Amino acid sequence: MILGLHLLAFVLYATAWVLQLQGFRGGRQPGISGVRVVGGGLAVHAAGLLLYALSYRSLPLVGLGPASSSLALFISLFVLAASVRTDLRAAGLFLLPLVLLLLGEAVVVGIEPTGRQIAFRGPWFVLHVSAIFIGFAGLAAASAASIMYVFQFRALKRKTFGSVFGFFPALDSLDRLNKVGLAVGFPALSVGLLAGWSWTLTFGRGLALDNPGTILGIVTWAAYLVAIAARSRPGPRGERAAVISAVAFLVTLVAFLALRITARETGFFL
Amino acid sequence: MDDATLALVGLSHHTAPIELRERVYVDAASVRDTVREVMASTAIHECVVLSTCNRTEFYLHAADPASAEAVAIDAVAARTDMGPGEVEAFLYHRYGHDAVHHLFRVAGGLDSLVVGEAEILGQVGDAYEMGLSLPDSVGPVLHRLFQSAQAVGGAVRSETSLGRGAASIPSAAVRLAAKVFGSLEGKSAMVVGAGEMGVTTLRCLLSEGISDVLVANRTLDRAKETVAQIGGRAISLEDVWGTISDVDIVVTSTSAAEPVVTHDRLESSRGQAGSPLVVLDIALPRDVEPGVGGLPGVFLYNIDDLQKVVGATEEARRAEAAPAETLVTDHATRFWRWYRSREVGPLIRGLRAHGEEIRLAELERLLVGLDGLSESDRERIEAATRRLLNKLLHPSTVALRQAAADPNAIGFIDRLSAELRLATGSGQAQGATEDEIESSGPADGSADAENEETNEARG
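Sequence lines, in order, name chains C and P.
Taking the working numbering, the leading residue of the first sequence gets 1, the next gets one more, and so forth.
Taking the working numbering, the leading residue of the second sequence gets 271, the next gets one more, and so forth.
The hints are simulated quantities; they were obtained by calculation from the structure and are not laboratory data.
Every value quoted in this text rests on a predicted model; they were computed, and no experiment measured them.
One or more of the hints may lead you astray.
Said to hold, decoys possible - No more than 20 Å apart at the CA atoms, straight line, and that leaves these computed lysine to aspartate or glutamate pairs for EDC-like: (1) C:Lys-157 / P:Asp-575; (2) P:Lys-578 / P:Asp-368; (3) C:Lys-157 / P:Glu-387; (4) C:Lys-159 / P:Glu-387.
To be verified - Selected chain C positions facing chain P (in silico; Cβ < 8 Å): (5) Arg-154; (6) Lys-157; (7) Lys-159; (8) Phe-161; (9) Val-164; (10) Ser-173; (11) Ala-195; (12) Trp-197.
All C-beta atoms, glycine included, are put in the ideal place defined by N, C-alpha and C.
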């Protein structure tokens, strides 16, 4: 049943993405139908994770499958929240593939608890992982906005009035999404990192700098700190902030892939 | 049967030059006299005049289309210095289904100069409202025709993408500014040069929520005149540089031979300004140095760029024209089915009355020789003849209704109507009044069929 709900959510998210692609091809802003499909996918997805929590009496935060699914849920929440503004519905074009990747991975590796379930529990751990996931989701939204900003900025400057011009939101809307994504994501990531540190202290350990998750968290935090600093400099900030946010996303992605490839243990989020 | 039909006589940007369209244009003040003049002809039952800068059309419901057409041509010619024969070269004529289809295309914006423009739908509504305000101008046929046309126009806009995008230079300017700022609510704009195009663009921006407006002109009086019309603040050209860093949108439309906005002046005026500036140069020759577009945070568009946006919209609209045409054709067919079924209603009633007359006569002749029959047997025989008549007439009724929807079957219906008149020796098939038609049930004419089918079921 849990897997079935995840598969259904995957299909709905994929359908929403196809609708986005169609809109992009036609150079038209996405309609309400795509938002409804995302909403349906989100409801089914949440039901799947709720069923997991009820079935295993544990939050879906530990283990690659459950954790990927939870992160996907947070990102799709951002997609839906952004869609409240008609002109920001297009954000799904970049965020939904991320949701599909994470959900697809969860489905492939299995959405089941791992043997480490007992070790990874307690309020500090829940706060640590939840905050980190909200942080990543917020930063993903900020990054999607920044990438779209760069494309739209180029289209407007170069006067190419094609699909990007028609489908992507206005620069101001994208700048606001970037700002909101950073405003939610960065503090949440900071809280998550601090909670993780506090959680390790309960074991009598310090900051686990040899842990891939810790490294990724710190790299992401630093990259986005630079992006926030870029926003506060005087002069036309939109393009600069967008470019630096996009670079921060790339840095995070590269760090994630590098750590994933070199990780000694498998079965964790990293 | 009623021989009246729908007729359209008109001219538009497809057939007539602007000079002629301007002369033929019927404004709100003179439409009453024009309609009265046309309605003076006994051949015309109903009349609506649709007149815009791109078209003037007379929609007529007339007993004699040829006479009605001549009256409309005279009305057009009277507004020019041409005779009816000369003006006819610029006119088009449509009848019946084609007239309906034409009006629906017009209401849907498919016949407009800028395909998909929305203004025409309001103009169709205004023409209808004007007709309603004139005595006897709008009857049941044009009432339904114009109501349907407005519904079709709405459906074209809501069910297709035909109306999307920017289809004029001012709307393209708004669209570009909106792609930078999102909402234009609360933004500020400055127009440099109070020419017609600049002011039109400014009006478009104002309709999108621009709150702060500056009008700069070489002569301050002209700027003040413009401000008196649209609001805002008038400044001289010398004051532009002191205020340009405070505005979000600049529209330039002067007739200056040299650039008014230069790279160096704008760069020094904006300094480290953080907010973007959209510069819309709609002047020819250009008012803004091309290098201005390279300044950080400045988005510069000239008339060619705006035309590109309009071109992209037109291309998208052409792609959307096919589904809109299908929608219009469907609605026109539906209307025509109603119109024809409304016409065959009296014919069907005449046919049934004729049959009933024969039935009663034959029944009477039969019962004369059957005096010993009980009352119940008489009732049974009467019911049997009624059933027989209904069963015989049912296929003809259905076939007539189907034929009514087929423009190619008009001749057949006319012949049948004439035969029936000959058979009854009266004008029975023509005898239905408008009130009878209107009270016979739903306007799609289904009531007649329903009544007849109910009778058949009872039989």
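How the hints compare with the structure:
1. C:Lys-157 / P:Asp-575: holds, 11 Å
2. P:Lys-578 / P:Asp-368: Violated. Lys-578 (chain P) to Asp-368 (chain P) sits at ~35 Å, over the 20 Å cutoff.
3. C:Lys-157 / P:Glu-387: Given pair Lys-157 (chain C), Glu-387 (chain P) is violated - Cα atoms ~28 Å apart, limit 20 Å.
4. C:Lys-159 / P:Glu-387: Not satisfied, since the Cα-Cα distance of roughly 24 Å exceeds 20 Å.
5. Arg-154: violated, 12 Å
6. Lys-157: Holds - the Cβ of Lys-157 (chain C) comes within 8 Å of chain P, reaching about 7 Å at its closest.
7. Lys-159: Hint holds; Lys-159 (chain C) Cβ to chain P Cβ min 5 Å, cut 8 Å.
8. Phe-161: Since chain P brings a Cβ to about 5 Å from Phe-161 (chain C), closer than 8 Å, the hint holds.
9. Val-164: Not OK, violated: Val-164 (chain C) not within 8 Å of chain P, min 10 Å.
10. Ser-173: OK, holds: Ser-173 (chain C) within 8 Å of chain P, min 4 Å.
11. Ala-195: violated, 36 Å
12. Trp-197: Cβ of Trp-197 (chain C) sits 37 Å from chain P, so the hint is violated.
Violated hints, in rising order: 2, 3, 4, 5, 9, 11 and 12; the structure is consistent with all others.
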